[in-house]
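Numbered according to the UniProt record's numbering, the sequence shown terminates at residue 926, and the numbering increases by one at each position without gaps.
Hints may be right or wrong, so weigh each one.
As the list claims (entries may be wrong) - Between beta-carbon pairs, the in silico distance windows are:
id, residue 1, residue 2, range
1, 771, 397, 32 to 40 Å
2, 508, 160, 50 to 58 Å
3, 160, 394, 49 to 57 Å
4, 146, 337, 52 to 60 Å
5, 162, 293, 23 to 31 Å
6, 141, 875, 48 to 56 Å
7, 108, 520, 21 to 29 Å
8, 508, 889, 54 to 62 Å
9, 141, 515, 14 to 22 Å
10, 753, 151, 20 to 28 Å
11, 597, 162, 47 to 55 Å
What the hints contain is simulated information worked out from the structure, not anything from laboratory work. Note that beta-carbon positions come from the ideal geometry of N, C-alpha and C, so glycine has one too.
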Amino acid sequence: MATNPLVSGDLSLQKGPTGNKSLSLKNPPTDSDQQHWLFESRGTYGIGNAYNDKNDHETGTKLAKFLDKPWKPLTRKTQVPPSVLSPYRFLVAIRLVVQFLFLSWRLQNPNFDAMWLWGISISCEIWFAFSWLLDQLPKLNPINRATDLVALKDKFESKSAENPSGRSDLPGIDVFISTADPDKEPPLVTANTILSILAVEWPIEKVSVYISDDGGAILTFEAMAEAVDFGHLWVPFCRKHNIEPRNPESYFTQKIDHTKNKKRADFVKDHRWMKREYDEFKVRINGLPDVIRKRCERYNHREMKEKKNDSSGLGEAAKATWMADGTHWPGTWFTPTTDHKKGDHAGIIQLMSRVPENDPVMGKDNEGKLDFTGVDIRLPMFVYVSREKRPGYDHQKKAGAMNALVRSSAILSNGPFILNLDCDHYIYNTMAIREGMCFMLDRGGDRVCYIQFPQRFEGIDPSDRYANHNTVFFDGNMRALDGLQGPVYVGTGCMFRRYALYGFSPPRAIEYRGIVGQKKKPAATLSPGRSLQAVRDQDHDLHTSKEEHPDLSLPKKFGNSNMFVDSIAVAEYQGRPLADHVSVKNGRPAGALLAPRPPLDALTVAEAITVISCWYEENTEWGDRIGWIYGSVTEDVVTGYRMHNRGWRSVYCITKRDAFRGTAPINMTDRLHQVLRWATGSVEIFFSKNNAFLASSRLKFLQRIAYINVGMYPFTSIFLVAYLFLPALCMLTGQFIVPNIDATFLTYLLIMTMTLALISLLEVKWSGIALEEWWRNEQFWAIGGSSAHLGAVIQGLLKVIAGIEISFTLTSKSAAEDDDDIYADLYVVKWSSLFVMPLTICITNIVALIMGTARTLFSVIPQWNKLFGGAFFSFWVLAHMYPFMKGLMGRRGKVTTILYVWAGVLSITVSLLWITISPPDDIGKI
Numbered sequence: 001m002a003t004n005p006l007v008s009g010d011l012s013l014q015k016g017p018t019g020n021k022s023l024s025l026k027n028p029p030t031d032s033d034q035q036h037w038l039f040e041s042r043g044t045y046g047i048g049n050a051y052n053d054k055n056d057h058e059t060g061t062k063l064a065k066f067l068d069k070p071w072k073p074l075t076r077k078t079q080v081p082p083s084v085l086s087p088y089r090f091l092v093a094i095r096l097v098v099q100f101l102f103l104s105w106r107l108q109n110p111n112f113d114a115m116w117l118w119g120i121s122i123s124c125e126i127w128f129a130f131s132w133l134l135d136q137l138p139k140l141n142p143i144n145r146a147t148d149l150v151a152l153k154d155k156f157e158s159k160s161a162e163n164p165s166g167r168s169d170l171p172g173i174d175v176f177i178s179t180a181d182p183d184k185e186p187p188l189v190t191a192n193t194i195l196s197i198l199a200v201e202w203p204i205e206k207v208s209v210y211i212s213d214d215g216g217a218i219l220t221f222e223a224m225a226e227a228v229d230f231g232h233l234w235v236p237f238c239r240k241h242n243i244e245p246r247n248p249e250s251y252f253t254q255k256i257d258h259t260k261n262k263k264r265a266d267f268v269k270d271h272r273w274m275k276r277e278y279d280e281f282k283v284r285i286n287g288l289p290d291v292i293r294k295r296c297e298r299y300n301h302r303e304m305k306e307k308k309n310d311s312s313g314l315g316e317a318a319k320a321t322w323m324a325d326g327t328h329w330p331g332t333w334f335t336p337t338t339d340h341k342k343g344d345h346a347g348i349i350q351l352m353s354r355v356p357e358n359d360p361v362m363g364k365d366n367e368g369k370l371d372f373t374g375v376d377i378r379l380p381m382f383v384y385v386s387r388e389k390r391p392g393y394d395h396q397k398k399a400g401a402m403n404a405l406v407r408s409s410a411i412l413s414n415g416p417f418i419l420n421l422d423c424d425h426y427i428y429n430t431m432a433i434r435e436g437m438c439f440m441l442d443r444g445g446d447r448v449c450y451i452q453f454p455q456r457f458e459g460i461d462p463s464d465r466y467a468n469h470n471t472v473f474f475d476g477n478m479r480a481l482d483g484l485q486g487p488v489y490v491g492t493g494c495m496f497r498r499y500a501l502y503g504f505s506p507p508r509a510i511e512y513r514g515i516v517g518q519k520k521k522p523a524a525t526l527s528p529g530r531s532l533q534a535v536r537d538q539d540h541d542l543h544t545s546k547e548e549h550p551d552l553s554l555p556k557k558f559g560n561s562n563m564f565v566d567s568i569a570v571a572e573y574q575g576r577p578l579a580d581h582v583s584v585k586n587g588r589p590a591g592a593l594l595a596p597r598p599p600l601d602a603l604t605v606a607e608a609i610t611v612i613s614c615w616y617e618e619n620t621e622w623g624d625r626i627g628w629i630y631g632s633v634t635e636d637v638v639t640g641y642r643m644h645n646r647g648w649r650s651v652y653c654i655t656k657r658d659a660f661r662g663t664a665p666i667n668m669t670d671r672l673h674q675v676l677r678w679a680t681g682s683v684e685i686f687f688s689k690n691n692a693f694l695a696s697s698r699l700k701f702l703q704r705i706a707y708i709n710v711g712m713y714p715f716t717s718i719f720l721v722a723y724l725f726l727p728a729l730c731m732l733t734g735q736f737i738v739p740n741i742d743a744t745f746l747t748y749l750l751i752m753t754m755t756l757a758l759i760s761l762l763e764v765k766w767s768g769i770a771l772e773e774w775w776r777n778e779q780f781w782a783i784g785g786s787s788a789h790l791g792a793v794i795q796g797l798l799k800v801i802a803g804i805e806i807s808f809t810l811t812s813k814s815a816a817e818d819d820d821d822i823y824a825d826l827y828v829v830k831w832s833s834l835f836v837m838p839l840t841i842c843i844t845n846i847v848a849l850i851m852g853t854a855r856t857l858f859s860v861i862p863q864w865n866k867l868f869g870g871a872f873f874s875f876w877v878l879a880h881m882y883p884f885m886k887g888l889m890g891r892r893g894k895v896t897t898i899l900y901v902w903a904g905v906l907s908i909t910v911s912l913l914w915i916t917i918s919p920p921d922d923i924g925k926i
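Using the sequences and the hints given, assemble the complete structure.
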């Protein structure tokens, strides 16, 4: 038996050429060198990386000292399986060829008997082919991504030579919540969102939460104060028992066994006690309007009596709105007056929870209520912000409010990353921030401007009648864009790099030259350090390019706050990835973020109030190239486009457990008005300098196509409406869009239908959506395209041509009044002018079906092929319009039966009257 040379050889330590410890043997290595896989037989498992005796009595050394810890990336990218993607791309190419051949055939074979029908149909079909191409091309390279949370913890929160205490080396994050009207955005919903954020899994001392109350309402202010007070109980409870989700309303209304996987013996007691506390919290929130009103009446009555007793005769006092401490509320009053009404009130900043201590603060047994022993009871810093508003200023709606938060947060906390959420979108996955941060802090993460999470919704009817989940967009289009330059910004559920929001170009940007951007070369950009120095010196002669595109120049005009300008360099440095590998560019050393946050003083808070004043943005670049961009009702899309146009890329982060959840309008009228707002913003983009046709060379070709489609998709409604009327016109006139329904036409129709169906099936395969969701999306595309999109085109043209401004109201987050049915809002019929066109389409097609059938039956030589052709397409139209017709009927049984009877009688009467007035041609010839 041969002896192992490692057993008889002596071990000694020496430094290798790389400076790392390695094993050296006195005996020369054999053919089977086992330096990294030691083996020794002493009646134990021996020595190795599977098992190693901690007490090596012979050598006195440990194997762990010789094994270098491998470097791990925080994220990985996986391609869609070729078995799905290759056939998908092949079918797209086949359909493109067949579409070209079909249109060529249609142009060569006009219907001379009905040229107007042929002209309308061929115009629509050419546009549909162009629109399909714009939508399809960016979807050719979908990808999937995964994160490694264990690697994140090992790199930033484990003990090391640079971090001997194991304190968190993660960067800070500021969370922004926006609200404007407590009547349409209930304070209880906003409070639950705040509570889910306060309990997020991130170093507590590095989280700051800001809420922007653009209405300056005392109801929102006091509701937030109640939420923070309740958070001192709710947040430690969540940490103690690992609660998911950490929105109390969603948690307590879940129809699940809450004791599942809970191991602590006191969970049931704590759960019952916390449920009672939350019920009392809800009662307090719901009772706030009455409490505030009674308080104001009491204080106003007392003040009125004092005025009457005052001999100076200054007149009657205004009916003020009072805070709980007996002082006037500086925001909007219930009785509007100068300096205290919407659009005219002072700026307010209130720190409702103090800056947390840098070290954990452990709780204790709270006298029989909740035992928080060993639980960190700190809360993140929470700040209420209501920016100053004065008459004569354009406050720029939500975009202006977000920019005010950017400036004030830079002064108070200056987190290098910003998470933007709507007031009804709460954190459903407490690890979501960690998953998103993996992309920001990974190798190459310094070139990522934002992480967009998919939007998920609760309270949607089970059938999803109006495609509120929008899974085709969030799981299909957005996933595909992630394979290009990144997804578009959709307004909520987005984590930003603060430095990118300031209008700077990314490090190591790439330019794409050539017809389809096939030629890549590094762009001439300044390093972050030189860019910041140029801003600090206000060097107007220093540019990153020769005026190639206005978006590529340096931002310069940040305002007159030196404290804010000084914060830019700090945010840029703290947002860099860890320089723990030679491949990491523009990194920072480990342990650089271990120092505690400096305490806030009165001067700092005063500066934060200054930067939210209404005059601060005068003669600056805020809203033009810095922060959220102004000039569109869809400021989110424009803001994301500007970043991509500078060369930044974004990432789509789909987590196994939904990152965030929110609400969506299930009422048809509210849903159509929401779509109208989005589509109007797209029309504004098309007619502005943000049109992707004018983009810089740093925007990838297919990404440019995607942004062009964003600006052009509403115009499809013009052709869609015409096409939806075509079947009815064919039935009414007895003509068709082609001279004859022959084998050639049917073959083309069959091939295009089959290829489109197969492409859709493969999209369903790689995106993970259901067929029913795909069909609902198709239905709502026809409904929204014939109503909201058409209205958006008209409104957009009015704004561009006539200068008529467009105003939109907030989408209500309130539920319907029927508490017994959570879907009661679905059946509420609220008439809107948007109903006119789809309703006309439905009635016209129904009447045309009846009239076409009657015409054919009364004809001496019935043309059944034209009847079947027109009837097939009419049924296609009505099948797409079915959710709309069902929505008009309201709740089942609520619409009187006589209405259906009269509708049928009216259709038959009109059709017979049409036959009498305009009989078929063959009858007239007899």
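(message) Run through the hints listed earlier and report the numbers of any the structure violates, in increasing order.
(response) Of the numbered hints given earlier, those the structure breaks are 2, 5, 6, 7, 10 and 11, listed in rising order.
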